[in-house]
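Protein chains in written order, with the working numbering: chain A, 1 to 240; chain B, 1 to 228.
Mixed in with the good hints there might be a few duds.
Derived list of chain B stretches under chain A, where covered just means 3 residues or more per stretch with a C-beta under 8 angstroms from a C-beta of chain A [as the list claims (entries may be wrong)]:
| # | stretch |
| --- | --- |
| 1 | 143 to 151 |
| 2 | 182 to 195 |
To give an idea of the interface, some chain A residues facing chain B are shown, with a C-beta separation under 10 angstroms as derived from the structure [said to hold, decoys possible]:
| # | residue |
| --- | --- |
| 3 | Gly59 |
| 4 | Phe63 |
| 5 | Lys68 |
| 6 | Thr71 |
| 7 | Thr78 |
In case anyone wonders, no lab produced these hints; they're calculated from the structure. C-beta: ideal position from N, C-alpha, C; glycine also.
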Amino acid sequence: MEPILCLKNVVLHQGDNFCLSIDNLELFPQRSYALTGANGSGKSTLLRVLALLQLPQQGIIQFNSKAKTITDKRQQITLVEQSPYLFKGTVYDNLAFGLKLRGIHTKEQQQRIQSALEMVELTALTQRKFDNLSGGEIQRIALARALALEPNIILLDEPTASIDGDSVQTFESLLTTLPSRGVTVVYSTHDRSQPQRIGSEVICIDHGQIVNGANARQNNTSENLKENTIWQRLTNVHEN
Amino acid sequence: MDYLLESIRAAIELIFAFDQDIQRVVWTSLYTSFCAIALSATLAVPVGVALGLTQFRGRRIVITLLNTLMALPTVVVGLVLFGLFSRQGPLGNLGLLFTPIAMIAGQVVLATPIISNYVLAAVEGCDSRIINTALTLGATPLQANIQLIKEIRFGVMAAIIAGFGRVIGEVGVAMMLGGNIRNSTRTMTTAIALETSKGEFAFGLALGIVLLSVALFVNLFLNLLQQR
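Using the sequences and the accompanying hints, generate a full structural model.
This is how it looks when you write it as structure tokens:
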């Protein structure tokens, strides 16, 4: 099977700071990947690179798609940030934003919005204003906004970090079903058991480098792995 | 005190009598100010957004220049443009001096730095996630910037209202470039100055009341929009 998204020899610096160095990362369609690593290890940066929002100074990002322009490619990859931004207006307006950009109006627009809100169990909030929502509701609406676009790849930055226990369960159940709906899911998490609950492959990242997972073939020296014992253990638990 | 009360009564009578001179003066003021603000906003809003979103060498100098231009005395703008539009000036052959077009040009110069600076402040103060959210939902960079302007629309409107306040109440440019010609370039502010100096205090007061009412309505309009 061809990978849907592939990073080769990608190097990213922000100012003088080294951020990311990925020799090889292949993501396959209709699979679920969990990005794990300590704070500041580069998970969010990697997600922004995968979302084509931050372009690396070196290396290749191969996206298996017929899309030619970067905007066309971005229309097939959607990132939900850790604290998502909702535009001023109603929940409906927010979900309609990306659909309008794709020329989806009237009935299909309504159907997609309804269906996406059903998936996150928030149909009752369709006409609610953006500033009248809890943190968990914002997170789920941002996911619904991404799902309504029916992207090939959905990227989630710590999606369950700011939501309560019940909502986490709802969220995880939904994430589990997405690959079977044709969506490749990549999410970052600090919850060590979450990848197992969702059934995701683990990509462990440390100091901007992948130390294990997803066809990573780089720097997996014993010294490197010893330095990252916690994440190594996490990866091993999952793989076993 | 009687003199003041009598003048206010006379002024109100003039307003409600729909005095033709007052109507013409009010129309000239509104027409030139709205035209100037429309042109100025078209120019200044993109400048403010671009300055707020981009980093380039000399950006601080441009911002300092805009800040300085905000405090530009109206008579200085009038003087410089008078030099350009007068017969001996480089644009003298266009015959624009003492026309509403010259007044509009002067008012554009006055309002543009104000609107740019206010929009710049709104962009710098806005949520940094707006652009990336729009991009990841499939917007082009232009569409993402338009979405940013929509998100900070109250800040943009406040900027435009501030610019409008500056031009509707100024005297220097209207006097020097318009010439205070009856039925042509006489605005509320120049008419107030002229009529009061002639001893027609009630007429000046009537125009003063109209000027204040315009400012009040513009602000009420902004408040209504913000509540929606």
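Here is what the structure says about each hint:
Check result for the stretch 143 to 151 of chain B against chain A: holds, 4 residues qualifying (beta carbon to beta carbon below 8 angstroms, three or more required). Given as covered by chain A, the stretch 182 to 195 of chain B fails the check, having 0 residues with a CB less than 8 angstroms from a CB of that chain where 3 are the minimum. Taken as an interface hint, Gly59/A does not check out: its beta carbon lies about 21 angstroms from the nearest beta carbon of chain B, beyond 10 angstroms. Because the smallest distance between the Cβ of Phe63/A and any Cβ of chain B comes to about 14 angstroms, over 10 angstroms, the interface hint for this residue is violated.
The interface hint given for Lys68/A is violated, since its Cβ lies 13 angstroms from the closest Cβ of chain B, which is over the 10 angstroms cut-off. The beta carbon of Thr71/A is positioned within 10 angstroms of a beta carbon in chain B (closest approach about 5 angstroms), and the interface hint is therefore held. With 10 angstroms as the threshold, the beta carbon of Thr78/A comes within range of chain B, its nearest partner Cβ sitting at about 6 angstroms, so the hint holds.
The structure fails hints 2, 3, 4, 5 (numbered hints given earlier, in ascending order).
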